[in-house]
Amino acid sequence: MNFRLRIWRQSDPASAGKLVDYEARDISPDTSFLEMLDIVNDELTERGETPIAFDSDCREGICGTCALTINGQAHGPRHPSAACQIYMRQFRDRETITIEPFRAKSFPLVCDLVTDRSALDRIVQAGGFIGARAGSAPEANSIPVAKHHADLAMEAAACIGCGACAAACPNASAMLFTAAKVSHLAFLPQGGPERTSRVLKMVRQMDAEGFGNCANTYECEAVCPAEISASFIAKLNREYAMASFRASSGE
Amino acid sequence: MIGTLDTRIPPGPLEQKWRNHKNNSRLVAPNNRRKFEIIVVGSGLAGGSAAATLGELGYNVKCFCYQDSARRAHSIAAQGGINAAKNYQNDGDSVFRLFYDTIKGGDFRSREANVYRLAEVSNLIIDQCVEQGVPFAREYSGLLANRSFGGAQVSRTFYARGQTGQQLLLGAYQALSRQITAGRVAMFPQTEMLDLVLVDGHAKGIITRDLCSGVIRSFAGDAVILATGGYGNVFFLSTNARGCNVTATYRAYKRGALFGNPCFTQIHPTCIPVTGQHQSKLTLMSESLRNDGRVWVPKRMEDCPKSPNEIPEPDRDYYLERKYPSFGNLAPRDIASRAAKEVCDEGRGVGPSGRGVYLDFADAIARLGEEMIRERYENLFDIYEKITAENAYTVPMRIYPAVHYTMGGLWVDYNLMSNVPGLHVIGEANFSDHGANRLGASALMQGLADGYFILPYTLPNYLAGQIGKRPSTDHPEFKRVESEVRARVQRMLDVNGNRTLTSFHRELGLLLWDKCGMARNAAGLGEALGKIPELREEFWRNVRVPGEGETYNQSLERAGRVADFLEFAELMCVDALERDESCGGHFREEHQTRDGEAQRDDENFATVFAWEFQGNGKIERPKLHREPLHFESVQLSQRSYK
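Residue numbers (the working numbering), protein chains in the order written: chain A, 339 to 589; chain B, 5 to 646.
Keep in mind the hints are simulated off the structure, nothing from the lab. Just so you know, even glycine gets a beta-carbon here, dropped at the ideal spot from N, CA and C. Hints may be right or wrong, so weigh each one.
Claimed, not checked - So the derived label-pair ranges between C-beta atoms look like this:
1) B:98 / A:569: 37 to 45 angstroms
2) B:638 / A:572: 53 to 61 angstroms
3) B:507 / A:482: 54 to 62 angstroms
Start from the sequences, fold in the hints, and give me the full structure.
The structure is reproduced here in structure tokens:
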């Protein structure tokens, strides 16, 4: 297969970026999208040009490193998938494909298609944990957890932290990301003691990072490679409202 | 230079060694802990849990990872589960049985004392992870669920769907995040360790490159912990993440740390087969699938091109069930991998390349219903469908072995310290617990055991004598090593030749897969040892690394890793040649039983091979040190899974 690529090139945050045209020739349909970019990069290297910078690591959809906007969609056309799980057989021969970085104010650009998503780490650092020191835990089966709650916690915990939710949102909101972590820990009895302070701190950090509010367009859910449900945002709002009441009444 | 290896295995009966050792270990008082700077390289299960726990204890920790976030370490990709000897299933499990299965699974090439300790602390890990909020699978009672895994006859594996590694890593990452906020851990993402600094023979710092700015700088510490994972990517194609590399451990080796059993690599039986030259990595299908899937190939070669559903039952060869009736499809990984290679070598492999076998769920779906299979494995079936565009609920999966894990690693003593004082090595990066073959669901167990429950107790044995001995980065040794690192980076950029990194890496990988993969022999290894130096020489003459040093430069990152693989590959082949026996994943064709199983030679090779780097500037044959393995509690036997 052959493709015409329009790829965002920007050597550093200070310089201006632009879309540049490339060709990808003789690509097998079983090639993954990132492998197609590998091939283009090897050709660029052989020609003495600078290869295109893009992030990836596990290449099986779990590490959350890859972050491409393909034809205007975060992670590309086939949901639910991370960009690394897209295959060229999902495109038409001779199709023009536009590739851009994740775009959100809170994800500053590093180089070409690479952005800095450390804002998400800082949201977790603000309170997205249970403060259980190693060595202090009770016996694992001493606190039963209803299967239904354990399953819901797992659904929320499946978030891979890629940031596609914020990249897809018209408000660049990271509420799906934050909601997933808040919900995961709120569904478990172990998360109970820090439940109130956790949600307040995480939401405060999310705002401080410059992420917008939920725009109710469900774009986040539509692009999420881990299929995190937008209903967790409703859960986040409930958790936040309850926590605010508790905090304001001095609890 | 190095005398006999002191393993520091404590005296006493096996089940009392760890307790005695803890009682006799030194302590660092809380008010002194903050005087120490601990460098942790790697933020996976081992590094992340160690950095968090040392932070909780009050040490000052600096944690480095090449990924853009600590949460992206490759532990995240582990699917199947984590073992523990809880015996929640009432099926006769115990610490001793977990110990025995692990040491037998490793084909009696690991240390009794280390493996027993691992089994002992396994239960604490489950307690800790549950308390952190890891959403393990549960039964309707609300209590924890288990499943069985290859190489065991009890159900002791805890799991979180097919994403157990992800959930355990997020637990460690969250604990780490808490310590970052508390100011006890300083996190350095996108920072790669390029060398180790020794001062007066002690590991006292590292040289790093900031992958965003390209700036090279020095960090000093009182101790250095390497938790940098395995080196499976030396084979080019593996199930490892693209960035996994040998650089940190190999650089430490070049500074005097011994490398243990480098040829012990695990080829995992259930991966999606290779489809073509474009491929950049292989994808694992969790071993847990073998609980319900049946492995088969056609009995006759001429049936191979047919659609699997057209091949009637009597014409199928369920070769694992035939050869290993008592373990069947749950035979350990090395055995299942070799059996797949054998049937494909006979010409009975399936799929376009002829290198594949079926993993068939039709019986399980008929017995349990599609709904149940979906509940157990849905995400794995989805991954398979994304990659192959085939629906495994209706057509059997095609699988083939692929490089997955490396049992070899830097040599460590019972304290998890290498022969270089101060340099500790944990998780996959060390050699200690899995012998010649790792059992499923024990990598996660080892990484977390080392980080949460072993290193925090053993590290003070070194630190207690080191108060006030941390050098400054102005020390001439830092300046010297830093300038060597800069020179090497510049040399790579200056070659400006005609070949891409990919072409060198791929050529090396194919050579190793062929000569030092699932089957090895003296002639093939000799051939590889001839070719590797030639390829390395060409690399330094003809590689093209575009761009500059002090910028964001992904080609330069990869170049350093490939350059180290080109040296390390030679060490692997030297080790594989020297180990003139078969054991576990190391199958020397010259040494097999009549029915083609690995034939160990306990008299000559019940020993760890620990290699010392030789050569000043150039690479010479490394010097071999042997650590004899003493078995007091288990009887060495021919492994039988029949």
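Evaluated hints:
For residue 98 of chain B paired with residue 569 of chain A, a C-beta distance near 44 angstroms keeps the hint of 37 to 45 angstroms intact. A hinted range of 53 to 61 angstroms for the beta carbons of residue 638 of chain B and residue 572 of chain A is consistent with their spacing of about 56 angstroms. A hinted range of 54 to 62 angstroms holds for the C-beta pair residue 507 of chain B and residue 482 of chain A, which are about 56 angstroms apart.
Comparing the model with each earlier hint shows no violations; every hint is respected.
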